[in-house]
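Peer 1: Counting along the sequence shown from 1, when you hit position 54 you're at 106 in this note's numbering, and nothing is skipped either side.
No wet-lab data here; the hints were simulated from the structure. Check before you lean on any hint, since a few could be wrong.
[Stated by the list, open to error] Pairs of lysine-lysine residues, derived as DSS-like cross-links and limited to a Cα-Cα distance of at most 25 Å, are as follows:
id: 1; residue 1: Lys488; residue 2: Lys466
id: 2; residue 1: Lys193; residue 2: Lys124
id: 3; residue 1: Lys418; residue 2: Lys492
id: 4; residue 1: Lys185; residue 2: Lys195
Just so we're clear, the structure is a prediction, and the values are computed from it rather than from any experiment.
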Amino acid sequence: MNTDIKLFLVITVFGVSGSEYCDNSMLKSIKDGACYIDCNTHEEYFKDLNVTYNVDFDSGLLVINFTLPPLKFCHTDYEVRLLVNEEIKDEFQCLGNKVFREIHSIKKYIMKKCKNETAMNKSIEQHGMVVFKHIFTGCYKLKIKPHRGFSSCPTLYANKAYIKTNFTRKFMPNVSYYSHYSSQWNDLHIKFMMKTNISEMKIEFSHSESHKLVYGRPIIVKEKIDNENFTCVPRSIWDAKGCTYVAVKDDRCTMGTLWTKSQKCTWNDTIECNEITVNLPIILSSPNINIVSAAGIAGSSILLVLLVYFTCKRNKMNKNEKQGEKNQEAMPLKESKIEILLLYPRDCKQFMKVMDSFRKFFDSFKNVEVYDCYSEDVMEKGPFPTLLSRISQPRLCTIIVDTQCAHIQQEAMKLGTITSSHVFYKDPTFMDSLFKYGLKFIMEDLSPDIYQKYYVIGLDGFSDSKYELLLPTGLRRYIMPNHLENLLADIKIDNGNEHLYVNSLEYVILREDIKTLAEFKCNNPYYLENILNLA
């Protein structure tokens, strides 16, 4: 038996959660002895804690804003707990109710750690914000409880409210699927079909060439499944070996929600197919997996498909090598440059400095030609003609920078509340509509190769996961500078020796500029109010 080549299909359902913070470390004490050590000290301050509720009745979205106590209390984080009693039918019953049988959700707000010494010692009047999804009609009780490191303090706030929405509580669905494998040209195609009413879910295909890893580079991501039947054919699974990972994500399965009690939040199936020389049945990793019979047929058929595929590919490679040796001296190779367009909205000067450094970093590669509408050379030629002429080019790689400012503009475009980006900026310029035109083109692009054309990046410490652009590329994000190597590999930029760019001056400047931008936002969390008309 030859087991050098394996194909794995892993399907799993899980939830992803996160918190917003400036640094990975928790807030430390301001100075020795500067903290109120006793949790009960100055409890009178918290009696007038200001808490506001904002509810979107159609989507079932609840936003809680609450006043953060002064930093001298040395709270490191706040547990915001939402309890619910669905049986209560009106506000009067809710006010007298003392029984809450279920915890709807538990969120954690982590205090931001800033390096500004002056800001640390001030009694700042800022607000914490947490967002709860899937709020259905019922009687809710909100509790806000502070922590000091691993020590828990008494509850600061507890109040009841009857919330009525149009959102209907839904239980986790049953999921059935089948998969089919086929080989064409130099790619292995996996056809994956899911049958269930899972419109709340997101699906993501990834691939790793290592048999030991269960997660690799994203192949295809779909933000929302609109129909009960969903069929997906991811392409370009190189060499047809390794592990293909299919993740079905439902944010209702996030840790701390009432839906996590369901076993349907934790199922996963694994199929392992080995290339063999005799007819053997497909090997399943677990005897208890629940999979329809079509998957067994598909798994058996891939054994023959893989043998034929690799035989054809090997013959084709040998033929191409011989032909290449014959024509190598007769026809010199012409190096084609990779064209990159940077697309982003105007933001603070620290952000614009990062974009300038990002452009110069790409310019340092010989095989790259980068277009930045805010660069001096493009400004001389005309930014609008450059954008309109380049963005429709089939070989152009467009890098979209995901920021809160970009998200605000997209939301307004979707709602039809603006016809021009000029209304956003307090100090508008003729360049402000560039991002709108570029984003509109991308959102309407139906070409089949969008995953090779558009790449969305975020900036570490600046881009916020709460404000993500919804694009045809799905949820794939590259966080700079952490995922810079992955971005270069996916765009196929030849940087010579691996990791050589790390020692370049352009990379060092880019990394430092991103760090400076993150510190700026940490110390000025509401800076956009000085740039945009947010009212």
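Peer 1: Now look at each hint and say whether the structure bears it out.
Peer 2: Hints, one by one, checked against the model:
1. Lys488 x Lys466: With Cα atoms ~11 Å apart, Lys488 and Lys466 stay inside 25 Å; holds.
2. Lys193 x Lys124: Measuring from Cα to Cα gives roughly 28 Å; hence the hint is violated.
3. Lys418 x Lys492: Since the Cα atoms of Lys418 and Lys492 sit roughly 31 Å apart, the hinted pair is violated (cutoff 25 Å).
4. Lys185 x Lys195: 17 Å, holds
The structure does not agree with the numbered hints 2, 3 stated previously, though it agrees with the rest.
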